[in-house]
Amino acid sequence: MIEYETYDVTEDVLDVAKQIIDMGTLTQKSFDDCQHIGVAVVNSCDCIISWNFKHIVNIKTIRGVRAITNLQGYRAIEIWSPSVLLESEE
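Using this note's numbering, you'd call the opening residue of the sequence shown number 1 and step up by one each time.
Accuracy of the hints is not assured; some may be wrong.
As the list claims (entries may be wrong) - Computed list of lysine-lysine pairs in DSS-like fashion (alpha-carbon distance at most 30 Å, straight line):
#1 LYS54 / LYS18
#2 LYS29 / LYS54
#3 LYS18 / LYS60
#4 LYS18 / LYS29
To be verified - For each label pair, taking beta carbons as the anchor points, the in silico distance ranges come out as:
#5 ILE21 / GLU78: 17 to 23 Å
#6 GLU11 / PHE53: 28 to 34 Å
#7 ASN52 / GLY24: 14 to 20 Å
#8 MET1 / ILE21: 26 to 32 Å
#9 ASP8 / ARG66: 23 to 29 Å
Hints are computed from structural coordinates only; laboratory data are not their basis. All of these numbers come straight from a predicted model, not from anything done at the bench. Note that beta-carbon positions come from the ideal geometry of N, C-alpha and C, so glycine has one too.
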């Protein structure tokens, strides 16, 4: 059994999501992705693991999220593709 937690979309989450859009990191069209990132940031997750290279796992989003966490006093969060979890074969 895999243990997990669920989180609600709070006003703080919506504020982070709106900041991502206001900074030009993502657009309003990607608001669901912005909320996903916001939930992870507000709840101090260690990282976001995603296959979503278009909106989440890319340098523009990573830098934008880093700027928001630094400016707003949130804990830094890593954004990675699932491939970083695979063990290398040596």
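Hints versus structure:
1. LYS54 / LYS18: Measuring from Cα to Cα gives roughly 18 Å; hence the hint holds.
2. LYS29 / LYS54: 12 Å, holds
3. LYS18 / LYS60: Holds, at roughly 16 Å.
4. LYS18 / LYS29: It holds: about 12 Å lies between the C-alpha atoms, which stays within 30 Å.
5. ILE21 / GLU78: 17 to 23 Å: 22 Å, holds
6. GLU11 / PHE53: 28 to 34 Å: 29 Å, holds
7. ASN52 / GLY24: 14 to 20 Å: 18 Å, holds
8. MET1 / ILE21: 26 to 32 Å: For MET1 and ILE21 the Cβ distance comes to about 37 Å; the hint is violated.
9. ASP8 / ARG66: 23 to 29 Å: This hint holds: roughly 24 Å between Cβ atoms.
Hint 8 alone, counting from the list given before, is not met by this structure.
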